[in-house]
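All chains, full assembly: derive it from the sequences and hints.
2 protein chains.
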Amino acid sequence: MSELRKDPVTGRWVIISTERRKRPGDFRLESVQIAPDASCPFCEGHEQMTPKELLAYGRNGTGPDTAGWTLRVVPNQFPVLRVEGALERQAEGLFDKMNGIGAHEVIIESPRHEGTLATLGDEAVEQVLRAAAERVQDLKRDQRFRYMIIFKNHGAAAGASLDHSHTQLIALPIVPREVRDEVDGARSHFQTKERCVFCDILRQELGDGGRLIAENGDVVALAPYASRFPFETWLLPRRHQALFEDSPRHELASLARLLGDILRRMNQALRMPPYNLLIHSAPVGEPAGDYYHWHVEIIPKLTKIAGFEWATGFYLNPTSPEEAAQVLRDIRL
Amino acid sequence: MSELRKDPVTGRWVIISTERRKRPGDFRLESVQIAPDASCPFCEGHEQMTPKELLAYGRNGTGPDTAGWTLRVVPNQFPVLRVEGALERQAEGLFDKMNGIGAHEVIIESPRHEGTLATLGDEAVEQVLRAAAERVQDLKRDQRFRYMIIFKNHGAAAGASLDHSHTQLIALPIVPREVRDEVDGARSHFQTKERCVFCDILRQELGDGGRLIAENGDVVALAPYASRFPFETWLLPRRHQALFEDSPRHELASLARLLGDILRRMNQALRMPPYNLLIHSAPVGEPAGDYYHWHVEIIPKLTKIAGFEWATGFYLNPTSPEEAAQVLRDIRL
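Protein sequences, first through last, are from chains E and A. Here our numbering is used: the first residue of the first sequence is 198, the next is one more, and so on. Here our numbering is used: the first residue of the second sequence is 198, the next is one more, and so on.
Worth double-checking, as some hints may not be accurate.
For chains that are exact copies, the list does not tell them apart, and a pair is met inside one copy or across any two.
[Claimed, not checked] Straight-line C-alpha distance at most 20 Å; calculated DMTMM-like pairs for lysine to aspartate or glutamate:
# : residue 1 : residue 2
1 : Lys-294   : Glu-506
2 : Lys-294   : Glu-200
3 : Lys-249   : Asp-487
4 : Lys-390   : Glu-289
In case anyone wonders, no lab produced these hints; they're calculated from the structure.
Here it is in C-alpha cells:
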C-alpha cells in the first residue's frame with residue numbers, strides 16, 4: 198500500500214507509491230555524456246570567452262584571465278539578475294515588483310572539459326566548496342542581498358546549458374519561498390522543542406540506519422524520510438551549524454569526500470543520471486544559528502514532474518527512500 | 198532589465214528575465230503527436246481493459262463497460278492512492294505518516310483515439326468539465342477526503358503515459374501545500390480588504406488589458422502578472438465562486454468554449470506543445486466562499502525546471518506575460 202509521509206521540516210507531504218514502484222533499472226533517463234566542444238568558454242585557454250574572473254585557485258604566477266588555474270569564478274555571461282543599480286521596490290496597482298538586482302556567478306570546476314564532480318577527485322571537489330563559501334562571504338557584504346543560492350545542474354535534462362562541469366551562485370534581494378518554508382519550519386520546531394530539527398533527524402536516522410547511505414567523521418548521507426524524488430539524497434554535517442560558508446576547512450574536505458563517493462554510487466546504480474545539487478544555508482542576517490542546519494540536497498532527474506505535482510506541491514515518489522538507500526549503500530565502488 | 202514580480206495570491210516571487218528572453222520559436226519542445234495504438238485501453242471497444250466504469254455519458258441503451266458512449270470515467274488501473282480501508286495516522290519517531298487512502302479516477306474524454314481538447318469540439322470539452330464536477334460532488338460525500346485535484350497531462354513531456362486524451366482526478370486525505378498557500382493567501386487578502394483577490398485581479402486585468410488573451414460572457418483568459426512559466430494561462434470565471442463543482446451549466450459551457458479556443462491558440466503559436474492543465478478549487482469543508490475563486494491554470498511545458506527552481510521555489514521565466522498574452526491574443530484561428 199502507498200504511504201503518505203510528512204517532511205518534519207517543511208510539513209510538505211509526499212506519496213511513496215508502491216503501486217507504481219520503480220527500481221533503478223526502470224527509469225528511462227538521459228544518461229549524461231560530455232560531448233567534446235572546441236568552443237567551450239570554460240576550457241583552459243578560452244579565458245577571454247568569459248567575463249573577467251572574480252576568483253581563481255591554483256594560479257602560480259599566471260595573470261588573471263589567462264591559462265594556469267585549477268578553478269575559476271566568473272560572472273555569468275547571461276545573468277538572471279544584475280549587480281548594477283539600486284534596488285527599487287514598486288507597486289503596479291494590486292501587484293508588487295522589484296527591478297532585477299542580484300548577482301549571478303559561475304564556478305568553473307576544472308580547466309579540463311571532461312571532468313565531473315564524480316571523477317575530478319576529492320581535492321577538486323573541495324576547491325569547489327571552498328570557492329562557493331568564499332564567494333558567499335564576499336557577496337554577504339552587499340546589503341541588498343538577502344539570500345545566496347548555490348546550485349548545480351548536471352546534464353541537459355537537469356537544465357545545464359553547457360557540458361563543462363560548473364556550479365552556479367545567485368544572490369537574491371529576497372528570501373525565496375522554499376527557503377522561507379524550511380527556515381520557518383526549523384524555527385517552529387526549535388520553539389516547541391528547543392532542539393534543531395535537522396539534529397533530531399540525524400539522531401533518528403543514525404539510530405535507525407534504514408535510510409543511511411554512507412558517512413564519515415563529519416558528514417552523513419541519507420535518503421530523507423519524505424523524499425520527493427527517487428534517490429533524493431541529503432548530506433548533513435554532524436555538527437550543528439546554520440551557515441555553510443562558516444564551515445571549517447576539515448568539514449568541507451569531509452563533505453567533498455562524501456559527495457564524490459555518493460555521486461559515484463549514483464553513477465553506478467542509475468547509469469550516469471542527470472541531477473541537481475543544492476546547498477541549503479540560512480538566509481543572510483537572520484539569527485538562525487540555533488535552529489537552522491545547513492546541508493546539501495542531490496536530486497537525480499529520473500522522473501517527470503506532471504500536473505499533479507504542479508497543482509499540489511505534493512510529490513509522488515515511486516521509489517521508497519529505504520529502497521533507494523539500500524541500493525546506494527550496497528554499491529561497491 | 199529583469200524584473201522580480203510577486204504573485205498577489207501566494208506571495209511567490211518570479212523573475213521575468215529579459216537577458217534570457219525567449220520568443221515562441223525559441224523553445225525546443227517536444228510537439229505532441231498522438232501515435233496510433235491498437236491496444237489502447239481507452240478506445241471504444243476496449244472497455245474490458247479498464248476497471249469498471251463509474252460514470253458514462255452518451256449511452257443510448259448500451260450497458261456499462263461496452264461500446265456506445267461519448268465519455269467514460271473509470272478508476273485508475275495503477276492508482277497512487279486507494280479507496281479501500283480506514284485512514285490511519287501514525288508517528289514513526291520524529292516522522293508522521295498516513296496510509297495511502299484516496300481515490301484516483303480517469304476521465305476518458307472521447308471514444309476516439311486521436312482527439313484532444315483542442316480538436317474534440319465545445320460539446321466534448323463541456324462534457325469533460327461536467328463529468329469532473331459530477332465526480333467531485335460524489336467524492337465529497339466521503340468524509341475521509343479533504344481535497345480533490347483535477348488535472349490533465351497532455352503529451353509525454355508533461356507526464357502523460359497514455360496518448361488517448363484523458364483527465365485525472367485524485368481525492369486526497371489532506372490539503373496539499375500549494376493549495377494551502379493559495380487559500381491562505383486569498384483569506385489573508387480578504388481579511389485585510391474585504392475583497393476577493395481573484396476578483397481584484399480580474400478587475401485590474403480587464404482594465405489594463407495588456408495581459409488579457411481572450412474572454413467571453415462568463416470566463417476571462419489571461420497571462421498572470423507573476424507567471425512562473427512562459428505562456429502560463431489562467432481562465433477565471435467572472436462571477437465570484439469558490440467551488441468549481443458548484444458552477445452552473447452555462448458557466449461550464451462558456452469555460453469549455455474558451456478553453457478550446459486557448460488550446461488552439463497555443464497549438465498554433467507554440468507548435469502543439471505538451472501542457473499541464475489544473476483546476477484550482479476550494480478545499481472540501483472549508484468556509485472559503487467569501488475569499489476563494491476557482492479557476493483553471495494551463496502550463497505549457499516549454500522549459501526545464503533546474504536546480505535554481507528546486508532550491509528556491511523561485512521561478513525564472515524567459516517570456517514576459519505581456520509578450521505571451523500578445524502572441525496568443527494576436528493568433529487568428
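Outcome of the hint check:
no.: 1; hint: Lys-294 with Glu-506; result: between (27 Å within a copy, 19 Å between copies)
no.: 2; hint: Lys-294 with Glu-200; result: between (40 Å within a copy, 7 Å between copies)
no.: 3; hint: Lys-249 with Asp-487; result: neither (39 Å within a copy, 55 Å between copies)
no.: 4; hint: Lys-390 with Glu-289; result: between (42 Å within a copy, 17 Å between copies)
The structure shown violates just one earlier hint, number 3.
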